[in-house]
Amino acid sequence: MSQVRQRREKTSTAKKSVAAKKTTKRAAAIPAAPVQGYLGDITGPGITDSWGVTGTDLGVSAVAPNGKLVSVFGDTFSGDSVGQGDWRAPVALIGTGDANTKIQYAAAAGEDADYAQQLWAYVHDSPPWNRGGISTVIPSDLLVIGQTMYLHAIVNRGFGNVIWTGIWASTDNGATWQEMGARATFPASLHNGYAQLWSWDYNPDDGWVYVVSTGFQRDKGIILRRVRPDDIGDMSKYSGWGWADNQWAWDNAPTPITPPAETWGELTLRRLDCGTWILGGFLSSQYALSYRTIDSPTANLYEAELQTPLVGSTWDAQDLANNQVAQLYGGYVLPGSTLDAPGGVGLIVSQWDTATGWPYRAMQFKVTLTDTTKVAAVQRPAARARPRKRPQRRGV
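So the sequence shown is numbered by UniProt numbering: it starts at 1 and just counts up by one.
Hints are not guaranteed to be accurate.
[Unchecked claim] Simulated restraints, written as ranges between beta carbons of each label pair:
(1) T308 with D273: 21 to 27 Å
(2) Q147 with T308: 33 to 39 Å
(3) K237 with D316: 47 to 53 Å
(4) N252 with D230: 20 to 26 Å
(5) D206 with D125: 40 to 46 Å
(6) Q247 with P127: 44 to 50 Å
(7) D49 with E179: 27 to 33 Å
(8) P127 with A107: 33 to 39 Å
(9) D98 with Q324: 21 to 27 Å
(10) H124 with T171: 23 to 29 Å
(11) G275 with D98: 17 to 23 Å
Hint data in this document are derived by calculation from the structure and do not stem from the laboratory. A virtual CB, placed ideally from N, CA and C, is assigned to each residue, including glycine.
Work out the full structure: start from the sequences and follow the hints.
And the structure:
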């Protein structure tokens, strides 16, 4: 690949105002952060390249036990574009920021705080697969319970070819990570491939960790499971939420909870301080970032309103200020998010120009989501919708 970074021009250019043309000297005004929309890049040249994080994506984030923000990124390159320079995955950066405050990183996780090393050792292999057989490891999501952080990650042999997934744990605020072992290793075929890409959160009201998941290939709906915190590292302890004997129940084989027309990619499940949950992420069937606000992970998603604050676009039509983003994905909800407030929900959004290898970045957005559970509690009938025919498998 060329060593020259290929960039796209921004869709809009600031124009000089009439006031700026006057000869009267004035102090330069500091632009205020937007109430909604694009807040800025959180990775890239001049931002995170000092840690060897020039191009990267994803950025699943959580507040560590010590109060710092930990963000875990996917395929990361120190060079000018995808495939250039030092390739690592996953890596983590530590800093501050939330839904209301611009994210700023201060250190890398690992032994060297000045350089983002791979969180655990393996070789990025390629055909004929004679150096371990792993091409890359991609993060799914972070979970924090007590003094422990958990990371679910996806092990690939070639792009989109998942061979297994697993859980790693950290007891030092995300600095170092240890694999939880064979019982926390999940085959790619588990639940017909619906358990590859996760998001999860803990519900203090009932003591369960709820796990939503889908396939890595962006051609499937979402399934739901739950597990007790003490059993996170034991695959046999996960209970599925599924339709059987004409009813939904736990301890069934999990069946898709989303309508059959929907296919999903990266997911985010977060319980807010108010007790309402956000479930969403990259809705691949609509080329958009979409979310539902629900009163429980077992809520009827056939009836819960789907809200779409960001939409995909062509590169020529990209308008970051108005939430139109070319080749978008990710869409992870940030800590501190609130509903029913302008720009109250923070998102980390990825973008990758696959034609040129640049931009390849993570961005921060502020969007508005409505708490639809207030209306649904009055209008929704007691009976749950029966699953319809499952969607047929689609290409990525």
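Hints versus structure:
{"no.": "1", "hint": "T308 with D273: 21 to 27 Å", "in the structure": "24 Å, holds"}
{"no.": "2", "hint": "Q147 with T308: 33 to 39 Å", "in the structure": "37 Å, holds"}
{"no.": "3", "hint": "K237 with D316: 47 to 53 Å", "in the structure": "50 Å, holds"}
{"no.": "4", "hint": "N252 with D230: 20 to 26 Å", "in the structure": "23 Å, holds"}
{"no.": "5", "hint": "D206 with D125: 40 to 46 Å", "in the structure": "42 Å, holds"}
{"no.": "6", "hint": "Q247 with P127: 44 to 50 Å", "in the structure": "47 Å, holds"}
{"no.": "7", "hint": "D49 with E179: 27 to 33 Å", "in the structure": "29 Å, holds"}
{"no.": "8", "hint": "P127 with A107: 33 to 39 Å", "in the structure": "36 Å, holds"}
{"no.": "9", "hint": "D98 with Q324: 21 to 27 Å", "in the structure": "24 Å, holds"}
{"no.": "10", "hint": "H124 with T171: 23 to 29 Å", "in the structure": "27 Å, holds"}
{"no.": "11", "hint": "G275 with D98: 17 to 23 Å", "in the structure": "19 Å, holds"}
Against the hints set out earlier in the document, no violation occurs for any number.
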